[in-house]
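J.: Chains B, C and D: place on chain A using the hints.
Residue numbers (numbering that gives the first Met the number 0), protein chains in the order written: chain A, 0 to 815; chain B, 0 to 341; chain C, 0 to 176; chain D, 0 to 98.
Worth flagging that the hints you see were computed from the coordinates, not collected in a lab. Quick caveat, the model's predicted, so the values are computed rather than measured. Every residue, glycine too, gets a C-beta built ideally from N, C-alpha and C. Among these hints, one or two may not hold up.
[To be verified] Using C-beta positions, here's what the derived DEER-type ranges look like:
(1) F202(B) x E264(A): 49 to 57 angstroms
(2) D269(A) x R311(B): 45 to 53 angstroms
(3) L73(A) x Q175(C): 32 to 40 angstroms
(4) T169(A) x T37(C): 52 to 60 angstroms
(5) T169(A) x P308(B): 50 to 58 angstroms
(6) D53(D) x L199(B): 35 to 43 angstroms
(7) V23(C) x D53(D): 26 to 34 angstroms
(8) R174(C) x A727(A): 43 to 51 angstroms
(9) I177(A) x I24(B): 37 to 45 angstroms
[As the list claims (entries may be wrong)] Calculated lysine-lysine pairs in the DSSO-like style (CA-CA distance at most 30 angstroms, straight line):
(10) K702(A) x K472(A)
(11) K76(B) x K65(B)
(12) K24(D) x K104(C)
(13) K790(A) x K24(D)
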Amino acid sequence: MNALLAAALPVFTEGPSEVSSVTREANWFLENAFIIPLLPAISFLLILFFGKRMPKKGAEFGIAAVGIAFVLALITGAAWLDHRDNFDGQLSESPATGIEPAHDDHADDGHADDGHEDEGHEDEGEDEHAIGVVADDGSTSSDEVALAVEAEGDGHGEEGHAYVAVQNSTQWLQSGGIEFSAGTLVDGLSVMMLFVVTLISLLVHIYSTDYVSGDRRYTHFFAFLSLFTASMLFFVLSDNILQMIVGWELVGVCSFALIGHWWEEKPNSDAALKAFLTNRVGDVGLLVGMITLFFAAGGGQTFDTLSITNTINQGGVSHTALVVAAAALMAAVMSKSGQFILHTWLPDAMAGPTPVSALIHAATMVVAGIYMVARLYPVFWEGMQIPGSSINLLATVGAVTLVGAGLLAFVQTDIKKVLAYSTVSQLGYMAMALGVGAWTAAVFHLFTHAFFKANLFLGSGSVAHAVHSFDMKKDMGGMRTFMPQTYKTFIIGSVALAGVFPLAGFWSKDEILVGTGGWGIFGGTGGPGSYTFHLTMGMIGAALTAAYMTRCVYLTFHGEYRGGDHGHDDDHAHAHDDAAHHGDPHESGPRILYPLYILSGFSILIGLVNLPPGFQLVPESWQERFLHFIEPAGASYFPAVGHATPSWSLAIISSLIAFGGAGLAYWYYFVKVDGLARSTGQKLTELPNGLVTTNAWARAGHKVLVEKYYLDHLYTGIIAGATKGPIARAANWTNTHLIDGVVNTAGETAVRTGRQVYDKIDQGLIEGFINGSGRVSDATGQELRRINSGKVQNYAAILFAGAAILAGAFIVILAL
Amino acid sequence: MNLLAELSYWQQTSIRVGAGLLAVILVAGTLVMLHLFKLVSFMQSRLGPMEAGPFGSLQLLAEVGKHLQKEDIVPRKADKIVFAAAPFVVLASTFLLVVVLPGGPDAWFIQNDLGIYLALAVSSVSVIGILMAGWGSANKYSLLGGLRATGQLIAYELPLILAVVGVVIQAGTMNLQGIVYQQANGEIFGWDGIGNPYILTQFVAFFLFLTAMQAELTQTPFDMPIAESELVSGYMTEYSGMRFLLFFIAEFATAGVFSAIAAVLFLGGWYVPGIDPDDNIMNVLGPLVMFVKVIGLTFVVFWVRFSFPRFREDQLQKLAWKFLIPLALLNIVVTAIFKVWI
Amino acid sequence: MNSVLAAVSQDADIVVAQNVFFGVIAVSMLYAAIRVVTTSNVVHAALWLVVALAGVAANFILLGSEFVAVTQVLVYIGAVVVLFLFGVMLTRASLGDDESVAQEKRSMAAVVGVLLFGVMAFALIDTWSDDRLVIDEPQQVTEVSDSIFSQYIIPFEAISVLLLAALIGAIVVARQD
Amino acid sequence: MLLNQFLLLAAALFCIGVYGVLVRKNGMLVLMSVELILNAVNINLVAFGALTDDVGGEVFALFTIAVAAAEVGIGLAIVLLMYRNRRSIDLSEADLMKG
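Isolated chain A (complex conformation):
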């Protein structure tokens, strides 16, 4: 109402030229996105209080809430697409900046509505801003504000509309002059996350009703699934960094509860503790980083994400502060998103039920770090000096993670651990992409990865459901004959993950490789920097991915069935003690298969949402839709990220490399191992005379991989152990030998000297004097001994007396 009034009364004055890309007025769904996290949160409470009394033990609450949330997320997404292209409302001052627009005469401008002075004020202020910009363009209609904003975009054919985030914020509390607000920030990034989280969560919920049916804490499990979903949604919708911290920690707590779902077994509770503690390490970084941002970019006034990023984008923050903030936040990303050296919790987190693993790895927990970097991108963009550089911490950590974790995936026998390391590796891709400035590619990879990784995890769960084990070498093999449907979906997921054209993984991975800008020599044009090293690592990673997925598929689905001849004591067996599940493996039920079908469909198709520009096979209007809707290009809170031009040659070569990796693995497993197994009739999982057994170097490398680069040894053995063992012993030794030695020597010397003195001088000369003083000191000691009486009041008396005397002394000194 008021905004309309403001729009109808344009005031032609020159305002500051900066325009914040925020609006408060948009489609109802965009303004009220807070309902989406609220639904699973309510469901959590309902399940907690009433779950056990419901016919489906609480699962219905979770499915209903997440289902509605998914529908709402879809509508929100549609509303966002419309908003993105057809926004013609009013931009508004970012509500929590705490800085009043410098127009104090607004009361004279004919605003009749005094009841909404704040709103009117802000709208009007922004109106003036906007008009200022429009005037530069020579236009007079305030409806075309958006055009002006787009003017500084990167020229990617944005159809002349601004990228305007929708922020709906309300004051939570106000203390000591600082306002703490709570609100939602809806833009392409959060809309995409809403879609991913709600969809995956919904499928996981449905899947779980079969997978954990009959579990001892079935209701509890669904309660925490709901809370997990709610926390992640809360996190992605938060419009200020304080809220982000809350969401981040909530996600951590939920993952703790879910990883330790079967806490009666020691390894499971250990894994939960490990996940939690490793994340604490990063959380310290998060706190330090966020506090730095609050004071450096928020001016100690506001926690608002957009105003912080705005300030950074306008160069209002010193580089040192940004380096500190970016480095501290890096620690948080490394722990939460499993980047190298802090990734160790992630494979252990496989101790949780498989649906949880799928949820953690695809949509919720681990992508939180990536999301945080994407959301606070200017911090890294400026702090890490991403543009125009060829190396930086974020990209390098990502690249190392990508290759390191990919290698580790080769030595795992547990199917879920292969997938876990694969996730770590793919997260490395995302971190690397963010590090090299390929923002859209990173987010796009997050998007596609969510689907095929969820597909793979749920598929592995389906297999495990059949054989009651996760061990590929002992209990699987030949599963394709028992469960053809699972096999098909798993193959689709693997191929998508491996990055085979035209499945989802190909598009996003290719985009990352392009985005490194390291392909300049072969005709592609550079991205923000020229990260050749990272391009190389990405290529290696692509080959590794394809190879270990081939190995995984072979060990699980091909060859001879190796299980079925021993008891099952794994964690999965708890849920399935009925005899019907034993015997030969069998295909899973529909509640497990349908989620797999859906995810497979997405794995095939979802890559097509962001066809690269210049992809000649499709109309131009199909290209770069993801980038158009998701990347806040031209928004004032987002840096001007340049985009690399895709190149056919790079795509072809990286595909060839991936095929090479896959081919090598295929040759090893499908040809050699399989052939040997057939000819000898043994159930083989590797060649008896392979490289590892024949070559010493290879054996050493294999050992390093099996020992996971000795990181766990480093943490538990060396760091914790040293503190417990050697360091403590060294301190003890120092104490007994050095210090005591000195003391003893001194004592002995003193005794010897004393005896000399006693014999020579003392005995005769000053005995009387000595005795006298001895008596005095004995008496003193007897008196002083009383002080140490163990009676608190005596100590208090001394304390008060001392304080009084000291205070008196100060007064005397000051008075003099």
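T.: For chains B, C and D alone, coordinates are given in the frame of chain A:
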């Protein structure tokens, strides 16, 4: 408009003090006469006192005379000063309670924004008097009665205060005069015929208040502390004559004052529908209206007292902590939600 | 209370009444406080404490802080002292005097107390002797509440958590099992 | 009124409280003396609040009252526990920490 404004400060003060004393004594006397003597008799199908005065109406004076004549016995081992001071502490608490009560637009004792908060604070002082009595008597029945009374009073003070909080939130003031005006000027869905007595919106608080009040007054079914069959009148065992009379007056006066507070909080206080609350006539009419409402509410108190059996100690505590307090908190939450959003 | 204040603060410069009240209150408070720490009857000590705390409440009223004064009465006299009396009776204090409640040697403590008072008194007289308090009207309750729920909201929340922790702690410490 | 009359009163109350804390052996009486000390502090807070015409003094006095209530709750629980274990609340007997 103002009857009192023409008087000087000390004259006003004297009138107010006198009125306060009268309010306590008169109400207590009426309660004893009407409810304790007559109501219980009728409920038990007998006539009650009939000898002194017409229909026994002067029986109360006779009783007072009897108590005043009795010997004031102090047990030998008692802590004399504490024993002697205890009834006065209890009675003082009652007298202080009455000061915040409004009786009309200008008929108040003191005007204070703290109003009900002050009343609740002062009412908690009486616990000390009861403990003093229980301990000072050097009698194990007295001590047990005192401890029971304390435990009960502490437990039921919480729902009492929390019930009031609901009203305070709705009225937006703790001033009892303000609460009366809020109700007088309120309306029910646009109809302002009878104002908006909070018993309609705060019926949960009303129920809580009456229940907690019953316990605070140690009336049956909450009369564990003075249970005659178990504790021989509890902390009052050793008291006789004048001091017993003080306890007796305090008990009934407190019943009256608490009922008056309940009347103000939930029934619109001195306000009568149809008369402008600022009209001068209300200064005369108001106290009478209050008196009628008080008699009505105390009737409920005594009705319950004579109808219900006694609670057991654990039932009594359970009722307070597990039912009344959660209910009161819920009421506050709901009221706050309505206040903020609707 | 209000009217008392209004009466005595007619003339803010020379308010004999306030000072007279203060004198009476201060003397009785100090006497009560001394009795609290010297009487050998535990219950008497608690009852003297009531007098001292009521004196503090009266001081708050003199300072215009009615809300704090009433809270003082509600919390200290209505709850804390009652708890003390309760505790005294549960731990079976003897009815009469009990000389064992205090240390035999009190001179050291007295010296400390007097020394402390001397130092503080000197510092206070030296620093604040010129400052006058002019209390025209009591502090509005709304001001106090607005301040608590805006400026001091975080300390307030911290206090709430502390109280909850204390509640649980007291139950855990005192429960019998 | 002078500010100092309140401050000196508070100082006196404080010192009496300190004396009580030092002299009393009975745990309950020590707690009572601590209450005197806390109240002395409260008088100071409110007096300075009145001097500067700032509501902060009162607010913190309220906070102190709340904390004192918590302290008494815990303190009494400890004293009761001590009574239950030793049948005595004589603090001078609780000297296991002596040297």
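J.: Against this structure, judge whether each hint is valid.
T.: Hints and how they fare:
1. At roughly 53 angstroms, the beta carbons of F202(B) and E264(A) sit within the given window of 49 to 57 angstroms.
2. Between D269(A) and R311(B) the CB atoms are about 50 angstroms apart, so this pair conforms to the stated range of 45 to 53 angstroms.
3. In this structure, L73(A) and Q175(C) break the distance hint of 32 to 40 angstroms, their C-beta atoms being roughly 58 angstroms apart.
4. Separated by about 58 angstroms at the C-beta atoms, T169(A) and T37(C) satisfy the suggested range of 52 to 60 angstroms.
5. The beta-carbon spacing between T169(A) and P308(B), approximately 53 angstroms, falls within the hinted interval of 50 to 58 angstroms.
6. D53(D) and L199(B) have their C-beta atoms about 41 angstroms apart, which keeps the hinted 35 to 43 angstroms range intact.
7. A hinted range of 26 to 34 angstroms for the beta carbons of V23(C) and D53(D) is consistent with their spacing of about 28 angstroms.
8. Our hint of 43 to 51 angstroms for R174(C) and A727(A) is violated, since their Cβ atoms are close to 38 angstroms apart.
9. The given range of 37 to 45 angstroms is broken by I177(A) and I24(B), whose C-beta atoms sit roughly 56 angstroms from each other.
10. Taking the CA atoms of K702(A) and K472(A), the gap is about 18 angstroms. The hint holds against a cut of 30 angstroms.
11. Of the pairs offered as hints, the one joining K76(B) and K65(B) holds, with about 26 angstroms between alpha carbons and a cut-off of 30 angstroms not exceeded.
12. Distance hint between K24(D) and K104(C) is fulfilled; the C-alpha atoms sit about 11 angstroms from each other, no more than 30 angstroms.
13. At most 30 angstroms may separate the alpha-carbon atoms for a hinted pair to count; K790(A) and K24(D) meet this at roughly 10 angstroms.
Hint compliance for this structure: hints 3, 8, 9 are broken, all remaining hints hold.
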